[in-house]
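Visitor: Please build the complete structure, drawing on both the sequences and the hints.
Start counting the sequence shown at 1; every next residue gets the next number (my numbering).
I should point out that these hints are in silico values taken from the structure, not numbers from a laboratory. Careful: at least some of the hints might be erroneous.
As the list claims (entries may be wrong) - Cross-link-like lysine-lysine pairs, in silico, BS3-like; alpha carbons within 27 Å at most:
(1) K149 - K99
(2) K149 - K189
(3) K149 - K124
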Amino acid sequence: MGKHVAVLMGGWSVEREVSLSSGAACARALEGVGYRVTRVEVGRDVAQVLAKLQPDVAFNALHGRYGEDGTIQGVLEILGIPYTHSGVLASSLAIRKDKAKMVVAAAGVPVAKGVTVSRFEAAKRHVLPPPYVIKPIDEGSSVGVVIVKKGREHPPQEIARPDWPCGETMLAETFIAGRELTCAVMDGKSLGVTEIRAATGEFYDYDAKYAKGGSIHICPAQILPNLYRQIEECALTAHQAIGCRGVSRSDFRYDDESDTLVWLEVNTQPGMTETSLVPELAAHAGMNFGELVKWIVEDASLNR
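Guide: Pasting the structure below:
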(Lines of atoms letter the chains of each structure in order from A; the text may use other names.)
(Lines give C-alpha, C1' and ligand atoms only; values in the text may rest on other atoms or scores of the structure.)
Protein backbone atom coordinates (compact mmCIF):
# COMPACT_ATOMS: atom_id res chain seq x y z
CA MET A 1 0.00 0.00 0.00
CA GLY A 2 1.24 3.48 -0.85
CA LYS A 3 1.42 6.61 1.25
CA HIS A 4 -1.28 7.36 3.77
CA VAL A 5 -3.13 10.45 2.52
CA ALA A 6 -5.62 12.38 4.63
CA VAL A 7 -8.06 14.15 2.31
CA LEU A 8 -9.26 17.30 4.09
CA MET A 9 -12.77 18.30 3.05
CA GLY A 10 -15.86 20.13 4.26
CA GLY A 11 -14.89 22.72 6.82
CA TRP A 12 -17.23 25.52 7.84
CA SER A 13 -16.92 28.12 5.09
CA VAL A 14 -19.82 28.97 2.78
CA GLU A 15 -18.12 26.68 0.24
CA ARG A 16 -18.44 23.58 2.43
CA GLU A 17 -20.59 21.60 -0.03
CA VAL A 18 -18.22 22.32 -2.91
CA SER A 19 -15.32 21.10 -0.80
CA LEU A 20 -17.13 17.88 0.10
CA SER A 21 -17.61 17.16 -3.62
CA SER A 22 -13.97 17.91 -4.44
CA GLY A 23 -12.74 15.84 -1.51
CA ALA A 24 -14.88 12.83 -2.35
CA ALA A 25 -13.73 12.83 -5.98
CA CYS A 26 -10.06 13.17 -5.04
CA ALA A 27 -10.29 10.45 -2.37
CA ARG A 28 -11.75 7.96 -4.86
CA ALA A 29 -9.11 8.81 -7.44
CA LEU A 30 -6.26 8.51 -4.94
CA GLU A 31 -7.48 5.09 -3.85
CA GLY A 32 -7.64 4.15 -7.51
CA VAL A 33 -3.93 4.89 -7.99
CA GLY A 34 -2.80 3.00 -4.90
CA TYR A 35 -2.81 5.37 -1.91
CA ARG A 36 -4.23 4.54 1.51
CA VAL A 37 -6.81 7.27 2.03
CA THR A 38 -8.58 8.61 5.10
CA ARG A 39 -11.39 11.08 4.50
CA VAL A 40 -11.29 13.86 7.11
CA GLU A 41 -14.36 16.07 7.38
CA VAL A 42 -12.72 19.10 8.91
CA GLY A 43 -13.99 20.65 12.13
CA ARG A 44 -12.48 22.86 14.81
CA ASP A 45 -10.72 19.80 16.23
CA VAL A 46 -8.77 19.17 13.03
CA ALA A 47 -5.36 19.53 14.72
CA GLN A 48 -6.18 16.80 17.27
CA VAL A 49 -7.64 14.55 14.57
CA LEU A 50 -4.57 14.86 12.36
CA ALA A 51 -2.12 14.49 15.25
CA LYS A 52 -3.76 11.16 16.09
CA LEU A 53 -4.08 10.05 12.47
CA GLN A 54 -0.46 10.90 11.51
CA PRO A 55 -0.85 10.73 7.72
CA ASP A 56 2.13 10.97 5.37
CA VAL A 57 0.42 13.73 3.38
CA ALA A 58 -2.61 16.00 3.76
CA PHE A 59 -4.48 16.54 0.50
CA ASN A 60 -6.14 19.91 1.00
CA ALA A 61 -9.52 19.83 -0.74
CA LEU A 62 -10.96 22.63 1.38
CA HIS A 63 -12.37 25.75 -0.28
CA GLY A 64 -12.93 29.24 1.07
CA ARG A 65 -11.97 30.76 4.38
CA TYR A 66 -10.00 28.71 6.92
CA GLY A 67 -9.13 26.11 4.29
CA GLU A 68 -7.78 28.35 1.57
CA ASP A 69 -6.56 31.42 3.47
CA GLY A 70 -3.43 30.12 5.20
CA THR A 71 -5.20 28.93 8.37
CA ILE A 72 -5.16 25.17 7.76
CA GLN A 73 -1.76 25.53 6.10
CA GLY A 74 -0.38 26.98 9.36
CA VAL A 75 -1.85 24.09 11.35
CA LEU A 76 -0.20 21.59 8.99
CA GLU A 77 3.14 23.40 9.25
CA ILE A 78 2.97 23.20 13.05
CA LEU A 79 2.03 19.51 12.94
CA GLY A 80 4.80 18.79 10.43
CA ILE A 81 2.46 17.13 7.91
CA PRO A 82 3.39 17.76 4.25
CA TYR A 83 0.43 19.21 2.37
CA THR A 84 -0.72 19.99 -1.15
CA HIS A 85 -1.29 23.28 -2.99
CA SER A 86 0.04 26.65 -1.82
CA GLY A 87 1.60 27.54 1.52
CA VAL A 88 0.68 29.95 4.30
CA LEU A 89 1.78 33.23 2.72
CA ALA A 90 0.57 32.59 -0.83
CA SER A 91 -2.77 31.27 0.43
CA SER A 92 -3.43 34.22 2.73
CA LEU A 93 -2.41 36.69 0.01
CA ALA A 94 -4.35 35.08 -2.84
CA ILE A 95 -7.65 34.93 -0.96
CA ARG A 96 -7.49 38.68 -0.30
CA LYS A 97 -8.52 39.76 -3.76
CA ASP A 98 -7.58 43.41 -3.24
CA LYS A 99 -4.05 42.66 -1.97
CA ALA A 100 -3.46 39.98 -4.59
CA LYS A 101 -4.41 42.44 -7.33
CA MET A 102 -1.79 44.90 -6.10
CA VAL A 103 0.95 42.26 -6.22
CA VAL A 104 -0.07 40.89 -9.62
CA ALA A 105 -0.45 44.36 -11.14
CA ALA A 106 3.04 45.25 -9.91
CA ALA A 107 4.28 42.19 -11.81
CA GLY A 108 2.85 43.63 -15.04
CA VAL A 109 -0.46 41.78 -15.33
CA PRO A 110 -3.49 43.92 -16.35
CA VAL A 111 -6.20 44.09 -13.67
CA ALA A 112 -9.60 45.73 -13.42
CA LYS A 113 -9.84 49.16 -11.80
CA GLY A 114 -11.39 48.92 -8.37
CA VAL A 115 -11.80 50.11 -4.82
CA THR A 116 -12.07 48.38 -1.43
CA VAL A 117 -15.00 49.52 0.71
CA SER A 118 -17.20 48.43 3.59
CA ARG A 119 -20.42 46.73 2.60
CA PHE A 120 -22.43 49.44 4.33
CA GLU A 121 -20.74 52.23 2.38
CA ALA A 122 -21.33 50.35 -0.86
CA ALA A 123 -25.03 50.02 0.00
CA LYS A 124 -25.39 53.79 0.58
CA ARG A 125 -23.92 55.06 -2.69
CA HIS A 126 -22.45 53.90 -5.96
CA VAL A 127 -18.75 53.49 -5.15
CA LEU A 128 -17.97 53.26 -8.89
CA PRO A 129 -19.89 54.45 -11.93
CA PRO A 130 -22.18 51.61 -13.10
CA PRO A 131 -21.70 49.08 -14.52
CA TYR A 132 -19.50 47.52 -11.85
CA VAL A 133 -19.10 44.30 -9.91
CA ILE A 134 -19.00 44.15 -6.13
CA LYS A 135 -17.83 41.06 -4.27
CA PRO A 136 -16.46 39.94 -0.91
CA ILE A 137 -12.70 40.32 -0.69
CA ASP A 138 -12.13 36.79 0.62
CA GLU A 139 -14.70 34.37 -0.77
CA GLY A 140 -14.61 32.11 -3.81
CA SER A 141 -17.09 30.33 -6.08
CA SER A 142 -18.77 33.68 -6.90
CA VAL A 143 -20.33 33.69 -3.42
CA GLY A 144 -21.75 37.13 -2.60
CA VAL A 145 -21.01 38.64 -6.04
CA VAL A 146 -23.40 41.36 -7.26
CA ILE A 147 -23.37 42.94 -10.72
CA VAL A 148 -24.58 46.55 -10.67
CA LYS A 149 -25.80 47.19 -14.20
CA LYS A 150 -25.56 50.39 -16.18
CA GLY A 151 -28.48 52.69 -15.47
CA ARG A 152 -29.23 51.19 -12.06
CA GLU A 153 -30.33 54.09 -9.90
CA HIS A 154 -29.74 52.66 -6.44
CA PRO A 155 -26.65 50.88 -5.06
CA PRO A 156 -27.05 47.21 -4.08
CA GLN A 157 -29.08 46.90 -0.88
CA GLU A 158 -28.73 43.17 -0.36
CA ILE A 159 -25.15 43.51 0.88
CA ALA A 160 -26.31 45.53 3.92
CA ARG A 161 -28.79 42.97 5.22
CA PRO A 162 -28.24 41.76 8.83
CA ASP A 163 -27.75 38.11 7.83
CA TRP A 164 -25.09 38.85 5.18
CA PRO A 165 -22.68 35.88 5.48
CA CYS A 166 -19.70 37.09 3.47
CA GLY A 167 -17.77 39.52 5.64
CA GLU A 168 -17.70 43.27 6.12
CA THR A 169 -15.30 44.36 3.37
CA MET A 170 -16.07 44.36 -0.35
CA LEU A 171 -14.13 44.87 -3.55
CA ALA A 172 -15.83 46.90 -6.27
CA GLU A 173 -14.42 46.64 -9.79
CA THR A 174 -15.30 48.10 -13.17
CA PHE A 175 -17.40 45.56 -15.05
CA ILE A 176 -15.67 44.15 -18.12
CA ALA A 177 -18.13 42.79 -20.65
CA GLY A 178 -17.28 39.83 -22.84
CA ARG A 179 -15.75 36.44 -22.23
CA GLU A 180 -14.97 34.56 -19.01
CA LEU A 181 -11.65 32.77 -19.43
CA THR A 182 -9.57 30.67 -17.08
CA CYS A 183 -6.06 29.22 -17.17
CA ALA A 184 -4.51 26.56 -14.93
CA VAL A 185 -0.84 26.46 -13.98
CA MET A 186 0.86 23.25 -12.85
CA ASP A 187 4.53 22.53 -12.24
CA GLY A 188 5.47 25.96 -13.58
CA LYS A 189 3.67 25.46 -16.89
CA SER A 190 0.27 26.32 -18.33
CA LEU A 191 -2.28 23.52 -18.79
CA GLY A 192 -4.22 25.64 -21.28
CA VAL A 193 -7.13 28.08 -21.40
CA THR A 194 -10.87 27.39 -21.11
CA GLU A 195 -13.75 29.70 -21.93
CA ILE A 196 -16.70 29.43 -19.54
CA ARG A 197 -20.24 30.33 -20.50
CA ALA A 198 -23.26 30.26 -18.22
CA ALA A 199 -25.87 27.99 -19.76
CA THR A 200 -28.59 30.45 -18.76
CA GLY A 201 -28.26 34.12 -17.89
CA GLU A 202 -25.18 36.28 -18.38
CA PHE A 203 -23.22 35.65 -15.20
CA TYR A 204 -21.10 32.65 -14.21
CA ASP A 205 -22.46 32.57 -10.66
CA TYR A 206 -22.50 29.85 -8.00
CA ASP A 207 -25.36 27.96 -9.64
CA ALA A 208 -23.73 28.17 -13.06
CA LYS A 209 -20.54 26.78 -11.56
CA TYR A 210 -22.02 23.84 -9.68
CA ALA A 211 -25.56 23.04 -10.86
CA LYS A 212 -25.75 20.20 -13.36
CA GLY A 213 -25.72 21.72 -16.84
CA GLY A 214 -25.24 25.20 -15.38
CA SER A 215 -22.23 26.09 -17.50
CA ILE A 216 -20.56 25.28 -20.80
CA HIS A 217 -16.79 24.77 -20.86
CA ILE A 218 -15.02 25.35 -24.18
CA CYS A 219 -11.65 23.65 -23.80
CA PRO A 220 -9.42 24.80 -25.34
CA ALA A 221 -10.85 28.30 -25.66
CA GLN A 222 -11.55 29.31 -29.26
CA ILE A 223 -9.65 32.59 -29.20
CA LEU A 224 -6.83 34.12 -31.23
CA PRO A 225 -3.43 32.46 -30.62
CA ASN A 226 -1.79 35.67 -29.38
CA LEU A 227 -4.55 36.19 -26.78
CA TYR A 228 -4.29 32.53 -25.75
CA ARG A 229 -0.55 32.94 -25.16
CA GLN A 230 -1.06 36.24 -23.31
CA ILE A 231 -3.49 34.60 -20.88
CA GLU A 232 -1.09 31.72 -20.29
CA GLU A 233 1.76 34.16 -19.61
CA CYS A 234 -0.40 36.27 -17.24
CA ALA A 235 -1.56 33.18 -15.33
CA LEU A 236 2.01 31.99 -14.90
CA THR A 237 3.15 35.47 -13.81
CA ALA A 238 0.33 35.69 -11.24
CA HIS A 239 1.14 32.19 -9.93
CA GLN A 240 4.78 33.13 -9.45
CA ALA A 241 4.20 36.66 -8.11
CA ILE A 242 1.88 35.46 -5.35
CA GLY A 243 4.13 32.50 -4.58
CA CYS A 244 1.69 29.70 -5.42
CA ARG A 245 2.74 26.06 -5.39
CA GLY A 246 1.27 22.94 -6.96
CA VAL A 247 -1.77 23.72 -9.10
CA SER A 248 -3.49 27.11 -9.36
CA ARG A 249 -6.09 28.61 -11.68
CA SER A 250 -6.35 32.25 -12.72
CA ASP A 251 -9.60 33.80 -13.93
CA PHE A 252 -9.84 36.53 -16.57
CA ARG A 253 -12.35 38.69 -18.44
CA TYR A 254 -11.83 39.65 -22.06
CA ASP A 255 -13.84 42.24 -23.99
CA ASP A 256 -13.61 41.55 -27.73
CA GLU A 257 -14.88 44.98 -28.74
CA SER A 258 -12.26 46.97 -26.84
CA ASP A 259 -9.59 44.22 -26.86
CA THR A 260 -9.39 44.52 -23.06
CA LEU A 261 -8.03 41.65 -20.95
CA VAL A 262 -8.04 41.79 -17.15
CA TRP A 263 -6.94 39.30 -14.51
CA LEU A 264 -9.53 38.82 -11.76
CA GLU A 265 -8.07 36.41 -9.19
CA VAL A 266 -6.05 33.27 -8.63
CA ASN A 267 -7.58 30.17 -7.07
CA THR A 268 -4.96 28.39 -4.99
CA GLN A 269 -7.24 25.39 -4.43
CA PRO A 270 -9.46 25.13 -7.49
CA GLY A 271 -12.41 22.75 -7.66
CA MET A 272 -11.34 19.14 -8.09
CA THR A 273 -14.22 17.00 -9.24
CA GLU A 274 -13.61 15.09 -12.45
CA THR A 275 -15.64 17.65 -14.42
CA SER A 276 -14.07 20.72 -12.77
CA LEU A 277 -12.04 23.16 -14.83
CA VAL A 278 -8.53 22.10 -13.76
CA PRO A 279 -9.10 18.36 -14.35
CA GLU A 280 -10.59 19.22 -17.76
CA LEU A 281 -7.54 21.29 -18.65
CA ALA A 282 -5.26 18.51 -17.38
CA ALA A 283 -7.10 16.02 -19.60
CA HIS A 284 -6.64 18.42 -22.54
CA ALA A 285 -2.91 18.38 -21.72
CA GLY A 286 -2.88 14.56 -21.71
CA MET A 287 -3.20 13.82 -17.97
CA ASN A 288 -6.14 11.85 -16.56
CA PHE A 289 -7.71 12.57 -13.17
CA GLY A 290 -5.82 9.83 -11.34
CA GLU A 291 -2.50 11.07 -12.72
CA LEU A 292 -3.39 14.63 -11.75
CA VAL A 293 -4.18 13.87 -8.09
CA LYS A 294 -1.12 11.62 -7.87
CA TRP A 295 1.09 14.47 -9.09
CA ILE A 296 -0.48 16.83 -6.55
CA VAL A 297 0.21 14.38 -3.69
CA GLU A 298 3.80 13.78 -4.78
CA ASP A 299 4.33 17.54 -4.97
CA ALA A 300 3.24 18.00 -1.33
CA SER A 301 5.74 19.49 1.13
CA LEU A 302 6.23 21.73 4.12
CA ASN A 303 7.62 25.27 4.01
CA ARG A 304 5.60 25.98 0.89
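Visitor: Are the Cα atoms of K149 and K124 separated by 27 Å or less?
Guide: 16 Å, holds
Visitor: Given the proposed pairing of K149 with K189, does the C-alpha separation stay at or below 27 Å?
Guide: Measuring from Cα to Cα gives roughly 37 Å; hence the hint is violated.
Visitor: Are the Cα positions of K149 and K99 separated by 27 Å at most?
Guide: Since the Cα atoms of K149 and K99 sit roughly 25 Å apart, the hinted pair holds (cutoff 27 Å).
Checked against the numbered hints listed earlier, the structure breaks hint 2 alone; every other hint is satisfied.
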